[in-house]
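Asks: As given, the protein sequences belong to chains A and B, one line each in that order. Each residue of the first sequence is one higher than the one before, counting from 1 in the working numbering. Each residue of the second sequence is one higher than the one before, counting from 1 in the working numbering.
Keep in mind that a hint or two might mislead.
Unchecked claim - What the simulated footprint calls covered on chain A by chain B, stretch by stretch (three residues with Cβ under 8 angstroms from a Cβ of chain B suffice, anywhere in the stretch; the number is not a length): (1) 48–58; (2) 156–169.
What the hints assert, rightly or not - Derived contacts from chain B toward chain A, CB cut-off under 8 angstroms, selection only: (3) Leu-34; (4) Glu-36; (5) Ala-118; (6) Ala-143; (7) Thr-155.
Don't read these hints as lab results, they were simulated from the structure. If you're wondering where the values come from, they're calculated on a predicted model, not measured in any experiment. Every residue, glycine too, gets a C-beta built ideally from N, C-alpha and C.
There are 2 protein chains.
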Amino acid sequence: MSDTFKDRIAAYTERVDQGLDAALPLSSTSPKRLHEAMRYAVFNGGKRVRPLLVYAAGECLDVNAELLDGPAIAIELIHAFSLVHDDLPAMDDDDLRRGKPTVHIKYDEATAILAADALQPLAFSVLVALQGVPDRAKNRLVALIAEACGSTGMTGGQSIDLAAEGRSLSATELERMYSLKTGALIHAAVISACLLRDDLADSDVAAIDAFGREIGVAFQIKDDILDVEGETHVIGKLAGADQRLGKATYPALFGIDASRQRCDELSSSALHHLDNFGDSAAPLEWLARFIVERGQ
Amino acid sequence: MSDTFKDRIAAYTERVDQGLDAALPLSSTSPKRLHEAMRYAVFNGGKRVRPLLVYAAGECLDVNAELLDGPAIAIELIHAFSLVHDDLPAMDDDDLRRGKPTVHIKYDEATAILAADALQPLAFSVLVALQGVPDRAKNRLVALIAEACGSTGMTGGQSIDLAAEGRSLSATELERMYSLKTGALIHAAVISACLLRDDLADSDVAAIDAFGREIGVAFQIKDDILDVEGETHVIGKLAGADQRLGKATYPALFGIDASRQRCDELSSSALHHLDNFGDSAAPLEWLARFIVERGQ
Chain A
1 MSDTFKDRIA AYTERVDQGL DAALPLSSTS PKRLHEAMRY AVFNGGKRVR PLLVYAAGEC
61 LDVNAELLDG PAIAIELIHA FSLVHDDLPA MDDDDLRRGK PTVHIKYDEA TAILAADALQ
121 PLAFSVLVAL QGVPDRAKNR LVALIAEACG STGMTGGQSI DLAAEGRSLS ATELERMYSL
181 KTGALIHAAV ISACLLRDDL ADSDVAAIDA FGREIGVAFQ IKDDILDVEG ETHVIGKLAG
241 ADQRLGKATY PALFGIDASR QRCDELSSSA LHHLDNFGDS AAPLEWLARF IVERGQ
Chain B
1 MSDTFKDRIA AYTERVDQGL DAALPLSSTS PKRLHEAMRY AVFNGGKRVR PLLVYAAGEC
61 LDVNAELLDG PAIAIELIHA FSLVHDDLPA MDDDDLRRGK PTVHIKYDEA TAILAADALQ
121 PLAFSVLVAL QGVPDRAKNR LVALIAEACG STGMTGGQSI DLAAEGRSLS ATELERMYSL
181 KTGALIHAAV ISACLLRDDL ADSDVAAIDA FGREIGVAFQ IKDDILDVEG ETHVIGKLAG
241 ADQRLGKATY PALFGIDASR QRCDELSSSA LHHLDNFGDS AAPLEWLARF IVERGQ
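Next comes chain A alone, as it looks inside the complex:
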């Protein structure tokens, strides 16, 4: 392919949006309000970074996009679920996300709790429903994604994050929290394609694995930096929200310069793991750069 991954982003985004649309029950079917809220949560103007990572890793490992629609859609559903619960009054208490009212503001708190609760099993339904993927690979994807969103993954990281408000953490503790809260799902996105190939060298799997872990932590540090630097109309939520909540973040604990430096270090290291893949790693490399250089 002579064009860059950037040229294929619109097509992949369209592809995952169509998959999400097909997976989500219609708003016209009962319970309508719940289905409307689920769709509102999913079609929220998100950049679909996780699905793009799934497909980019697929290009790198020569796994067809058809086989990767399951994890791409499932991981985005899990991500959407987590945002709805994160925004609740008992959690981060956010009224805005990407410039629009959060689900509990647009609907109500009970609907927000339940809409997210229903997005999670939908992800697992999608994983086992898709044609053409061997049963064993489906089970491995269920295991991967269930682990990534559970108490030793994303949800555990969110729990540690809330407990850390107003406290000081070491850089190691903070990055451990980031590797769960944000990293676990990003890692799952990157590694999904590996589960659809039985013939990969262990060293290749280890390289993709390490790339996924580091780029996930870099992603969260970049989010922190944007929260400090961003203007509300650009990042779509109130800038400086982390600071007001007394969140333990990289900029709050170590300053903005150290944050930028660590983000660059992690992304360089992540890219370095891809050296052996040569040109086929270009899509992942492009996305890694996008993650740390994006303006929102």
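With chain A's structure known, arrange chain B on it following the hints.
Replies: Below, chain B without anything else, positioned relative to chain A:
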């Protein structure tokens, strides 16, 4: 087996409790508070009716308990998750469950939301992890249980239930809501064993399916009756809670006599579906009677 199912309940309950204990992360591992709350939610004195239905259907269909530990544990984890969210202030706002503080009272609201969020993926992890179950059957169990707890199952039923507060429903509408809110997971428990046998006659599967659907609705009507009649110290939560919330229940809409009659009708009809199974249906028959005759 010359003894009755009742004589095996203690062993099955012990079996599922051991399985739950093994599946749940230790409270001593990070994030400790989250893991403690997850265990508190699961080990709450519940009767394990759903796992018992899984094993009873297994006895009826000659499926080994070893193959059924996955769905038994998974369905109980999903049930525990749903109770934690149902009890939240934005939902039913219950302070007590089975005589003990609910999870958000014992811990805090954020921990309750997250603990339940983490129980759900754990259920799917358990389903795909167990040894000895063919990959295809695991896939089918994931699909069954994901569907049962999603927006067209349990969570959808809960959403309709909240929307119905203070409103009048027809008996058909009410039973439709019950078949989702309570029935979907009970039906999944009953039908699980069918997915582990490829050689069942369609008529046998249809009979188990119909039994599962009817006994699930009967279970909820019995719960309603207990809520009206029960004393707080016996049912372990404030008696009459449904009435105070203006819940659309069978007794509230149609009276206690009609509720008892409908509960009996449903259980008789459910039992009738088992006629062709002869003596091997005794465990399911015993549980069906327990469900509608229990005092709490």
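Asks: Are the hints correct? Go through all of them and say.
Replies: Verification of the hints:
1. Only residues whose C-beta sits within less than 8 angstroms of a C-beta in chain B count toward coverage, and the stretch 48–58 of chain A has 0 of them, not enough to reach three; the restraint is violated.
2. With a threshold of 8 angstroms between beta carbons, the proposed coverage of the stretch 156–169 of chain A by chain B holds, since 6 of its residues qualify and at least three are required.
3. Given the 8 angstroms rule on beta carbons, the hint for B/Leu-34 holds: about 4 angstroms separates it from the nearest Cβ of chain A.
4. With 8 angstroms as the threshold, the beta carbon of B/Glu-36 stays out of range of chain A, its nearest partner Cβ sitting at about 11 angstroms, so the hint is violated.
5. The interface hint given for B/Ala-118 holds, since its Cβ lies 4 angstroms from the closest Cβ of chain A, which is under the 8 angstroms cut-off.
6. This hint holds: B/Ala-143 has a C-beta 5 angstroms from the nearest C-beta of chain A, less than the 8 angstroms allowed.
7. Because the smallest distance between the Cβ of B/Thr-155 and any Cβ of chain A comes to about 4 angstroms, under 8 angstroms, the interface hint for this residue holds.
In the structure shown, a violation is registered for the earlier hints numbered 1 and 4, in ascending order.
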